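Sequences listed follow chains A and B, in order.
Residue 372 is where the first sequence starts when you use our numbering, and the numbers rise one by one after that.
Residue 6 is where the second sequence starts when you use our numbering, and the numbers rise one by one after that.
Please note that a few of the clues may not be correct.
[As the list claims (entries may be wrong)] In silico BS3-like cross-links for lysine-lysine, where the CA-CA straight-line distance does not exceed 30 Å: (1) B:K183 / B:K136; (2) B:K18 / A:K471; (3) A:K475 / B:K183; (4) B:K18 / A:K475.
[Stated by the list, open to error] According to the in silico footprint, chain B covers these stretches of chain A (three or more CB under 8 Å from chain B): (5) 548 to 561; (6) 567 to 574.
Since the hints were made in silico from the structure, they are not lab data.
Every value quoted in this text rests on a predicted model; they were computed, and no experiment measured them.
For every residue, glycine included, the Cβ atom is placed at its ideal position computed from N, Cα and C.
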Amino acid sequence: MILRLVLWSALYALPIFVRSDFLLTILIFTFIYGMLGVTLDLIFGFTGQLSMFHPAVFGVSAYMTYLLASKAGLPFWLATIPSALTAVVLAMIVGSICFKFRLKTFYFAVVTLAFAEVIRLVVLNWNSVTNGTLGLVVTGRPTVWLPGMGVVAIKGPVAWYYLTLVSLTLTVIVCARCLSSWMGRCFGAIRLNEDLARTLGIDVFRYKLASFAVGNALASFAGGLYGYYTAYIDPGYLSINQSMDVLAMVLLGGQGTLIGPIVGSLVLTSLPHVIDLRAEARAILYGAILIFTILVMPRGIVGTFNAWRARRAA
Amino acid sequence: MLQLDAVDCHYAKVHVLRGVSLAVGAGEIVSVIGPNAAGKTTTLRVIAGLKDVSGGAVRYEGEDVTRRPAFERVRRGLILVPEGRQIFPRFSVLDNLLMGAYQRPDRHDLDRDLATVYELFPRLHERRGQKGGSLSGGEQQMLAIARGLMGRPRCLLLDEPSLGLAPIVVAEIGRTIKALAARGLTILLVEQNAAMALELADRAYVLESGHVSLQGQASELRQTDVVKRLYLGA
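Next up, chain A with everything else stripped away, as it sits in the complex (with noise of 0.2 Å):
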């Protein structure tokens, strides 16, 4: 807890000490990446769901915040609701689908990536809307509401780095406030052994759509983010890659620990820029990583690392 405190802490006065752009925009990347790794742990690595389904929400969100707030005039941070609401649904529909089948591991992975595609193909080929795979040019800067202040815009490295820092602080007391409760009891249960959950009268359906829903309406919030920070948007923002992606940073920073996603999202966005290697060896590269990790060290460095803990304390 202390530790954890220290370092959110360190998190959120890095700018003070730090003014590397290149330091801060590897951060950015990686809180946007944290928000979407949460919030997959939420629903893979808590409630036991190999959802495949993020990049959708992702992506359609990006488009939906921007194109909300450009032709419709919404500040950015009221265009992110609709978004959210949007994932929502969105959610509710696949996940109501998956769920009433009882479909589970690889067959829910499958059929939540088949989803996927379905609206990575909507949104290639409606070219009056999405300008299909030209991608759209992103205009414009983030606007925020802050109490006394009103509403200001998001500018230059340190203000984008408080503005993902605190969405991610955001969606990981959200998630952690889901899991503190019986709610997140329940999706334990599911998780461990769904006929038992049954057994103790836990709505199954309902609470692993509710996780689905919460876990891809946060994440629609990084896509909201995302599209405005790199300032262009295409259709491989719903690609599978993503999804591949994301996963990784949940298994390699170690899935059910909601914390271990950042750290995942941090290793996987700094590794590139660490080591300069050409596109494709840099995908050797991770898979290499993920393939280790899951070998040597299936719970993930957190993971891992929360267990050697309670060794050492015993």
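Chain B: place on chain A using the hints.
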């Protein structure tokens, strides 16, 4: 209180239950005995709502619950203690017990129920902070039963509570079941250990390859040749 009317059940194409009818009256202990693969566990899963029937009806407290989901049945006090001591090994004993009360609207105020359960199973009180997985087999079975009780059952379904336990522990579980029945709880006990089941029960059913082959007062069934020869080893 609980009634099965000509229940049919399939796993894919395998016909597991063929027209099983049975009834459990309020306050009774009723046993279902029979060999492996006779459909005993399936019968309980059907009653608990974990397995859909392909024909027939399940009635509970005068109402047809055949199409009701499992969690609604639990909410009405129809609670299954599944076979094979299923607990959450990584949860503490206390957390395992609390999970049993999950579906109750008053789940935030459970001290009285915990006290009752601990009185029945003092060992669980001693070990309440330990991980469920660190308990012995007998203790895990007690924990599973205690967790069932935390849900305030009106009808408790016990699936092979004696499975894989030492005779002395089986006797202890038998005493517990008697004590629960004495408090007015209705119990449906599924057992391979026919001697134990027939001793505890008021009435019993013999299930063989998916249908009821014999039924009656437990004391009478014990005297029949078939039961003696096949199940009591006499």
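Hint check results:
1. Between the alpha carbons of K183 of chain B and K136 of chain B the distance comes to roughly 28 Å, so the proposed pair stays at or under 30 Å and holds.
2. Straight-line distance between C-alpha atoms of K18 of chain B and K471 of chain A comes to about 22 Å, which keeps the hinted pair within the 30 Å bound.
3. Pair hint K475 of chain A plus K183 of chain B does not hold up; C-alpha atoms about 40 Å apart against a cutoff of 30 Å.
4. Taken as a hint, the K18 of chain B and K475 of chain A pair is honoured in the structure, with Cα atoms around 22 Å apart against an allowance of 30 Å.
5. Counting residues of the region 548 to 561 of chain A whose C-beta lies closer than 8 Å to any C-beta of chain B gives 5; at least three are required, and the coverage claim holds.
6. Judged by the Cβ-Cβ criterion of 8 Å, the region 567 to 574 of chain A is covered by chain B as claimed, because 7 of its residues qualify and three suffice.
Violated hints amount to a single one, hint 3; each of the other numbered hints is respected by the structure.
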